[in-house]
Amino acid sequence: MMNHYESHIASLHRSILHAKYVSMPARARATSQTNPPDTPTNLIPNNDTTEYIAAYYIGTPPTRVYAFVDTASEIIWTKGLPLLNPSNSTTYQTLPCGSKSCLQLGGAKTCRGENQPCTYQMTRADNSISLGVFSSDEFAFDGSSNRNVINVGKLVFGYINISTSSNLAIRKENGTLALNRGQLSFISQLGINKFSHCWDMQTNGSKNNNGFKNVMYFGENKAKIYPEDLTPLLLGKLPNYYVQVDGITINEIEVPIPRGSFNIVGSRGGFIVDCGTTFTMLKKEAYEPFLSMIRENLGKPIIPGPIPELELCYNGTIKDLDSVPEVTFRFSRGVKVKLMKEVTFMQFQKGLWCLAILRSPNTISMLGSFQMRNYWVGYDLQANGVSFTYQQREKGFKCSKDLQIGIRFEAQWCYPLFLLGERLMKRDLLTQASDAERVNFSLVADLKDPLITKAAKRLISSEGELKTQLENFHRDPTISSNYTHLVATLT
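Residue numbers (the UniProt record's numbering): 1 to 491.
The reader is advised that the hints may include incorrect statements.
Across the chosen pairs, the derived CB separations fall in these ranges [as the list claims (entries may be wrong)]: (1) Asn384 - Pro117: 34 to 40 Å; (2) Asn221 - Asn161: 26 to 32 Å; (3) Lys237 - Asn161: 49 to 55 Å; (4) Leu131 - Pro61: 40 to 46 Å; (5) Ile162 - Ile302: 23 to 29 Å; (6) Asp322 - Asn263: 32 to 38 Å; (7) Asn297 - Gln116: 42 to 48 Å; (8) Pro301 - Val149: 52 to 58 Å; (9) Gly305 - Ile253: 35 to 41 Å; (10) Thr328 - Pro227: 38 to 44 Å.
Keep in mind that the hints were calculated from the coordinates and are not lab data. We put the CB at the ideal spot given by N, CA and C, even for glycine.
Construct all of the structure, not just a fragment, from the sequences and the given hints.
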């Protein structure tokens, strides 16, 4: 297992490779489809990175697989043997070369005869090659209570049986859950027109992990999208989520970025929203003046980073984040994304803080998942826009409140988020729950997770605190009874 520094450096290198990958020519285009019923799934932590992984099932009987969640990829794929054996599934089918889905692979398709298996080749940004067969099989996702499984029907996906990538071999996830606007992506195959995600951000570098909760929702009724915070999506040659950047400010002063720096030119340039990239990246023309202004406004002595990609670092503690300037991205229609200082700089090693906005390896720029934290990011393909809503804009509004079934995200230093039934139970809810939240503790009375029990015991160690919590629930006999049972179980 990688240590803290190694995991962040690995995420950095993957972000750079990913930036190269997303600028490759598109193989398919998205088409308008009817929105299906809301689709939930669960996500688990990738403890070695700050990336996001989905867990779901393929085949009959189902085989559990893990996939990297990526809004800049259009092909769902998974590694083959020994992780997934198609001969064990009674519903697995290899697509013929002449099928519509195979033809949508475009230049990646390597088969010729119409009735031959649909084979394809993927060349990655690290020059590794993956060979696979385009197939279809049943996909299923864990339900809201993790006790039921929801089958979403047959989806087409790439089954990789040969890969020269050493990076792919060592990663925990088995593939990619593609979420861009291409015809072969997960959302296009299911006709999902709305989805959203929010990952809460605790203090960067803090030892208290309880505050970091992350969630994602698919579907018309579950997605958190705020029209007043919607910026239009732009069309490009690639089916990515392009947005228009009107400017970037540092301490409310405009960065002198040349006009047209973020223009889309064919498959080059542009600014995309990409949860598959950890770190935000800016092309050279924008990054040079941005970096210069950060240097001028950082109230700390600057030191070289441990690797060339980390161009601006300083030594300090979490309290020194007060010296970090305020960075704001201004998108069209007046939508602003003001970055927390905790996501402008990241602690890569103990006491070493580096700028977490990097230089792009090519002409594309992107907003990465690390800088999206504490924002609801909503994708509305019907309204053709992306919304950015700060999660504390309204009093009491948090990523993890007022939510129902959805996707569970977890990153390196976060605690799990449990989505149970139609209500949400957070690990730190024992100190925050109130009558209004009406959390049904009967769903968590038999928790066996040692981390939960340890946290809960600590939270209810005070007799006065326990009394307060019980009083909060006394109006509902069912909740009060179940909460009492939970307390008895944990203590």
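Going down the list of hints, with the structure as the test:
Checking the proposed 34 to 40 Å range against asparagine 384 and proline 117 shows it holds: the Cβ atoms sit about 37 Å from each other. A beta carbon spacing of about 39 Å between asparagine 221 and asparagine 161 contradicts the range 26 to 32 Å that was offered as a hint. Here the CB-CB span from lysine 237 to asparagine 161 is close to 30 Å, at odds with the stated 49 to 55 Å. Taking the beta carbon of each, leucine 131 and proline 61 are about 27 Å apart, not inside 40 to 46 Å as hinted.
Against the hinted window of 23 to 29 Å, the Cβ-Cβ separation of isoleucine 162 and isoleucine 302 comes to about 46 Å, which falls outside the hint. A C-beta distance of roughly 36 Å is found between aspartate 322 and asparagine 263, which places it inside the suggested range of 32 to 38 Å. Between asparagine 297 and glutamine 116 the beta carbons are some 60 Å apart, a value that contradicts the proposed interval 42 to 48 Å. Taken as a hint, the range 52 to 58 Å holds for the pair proline 301 and valine 149, whose Cβ atoms sit roughly 55 Å apart.
Between glycine 305 and isoleucine 253 the C-beta distance comes to about 25 Å, which lies outside the given range of 35 to 41 Å. For threonine 328 paired with proline 227, a C-beta distance near 21 Å fails the hint of 38 to 44 Å.
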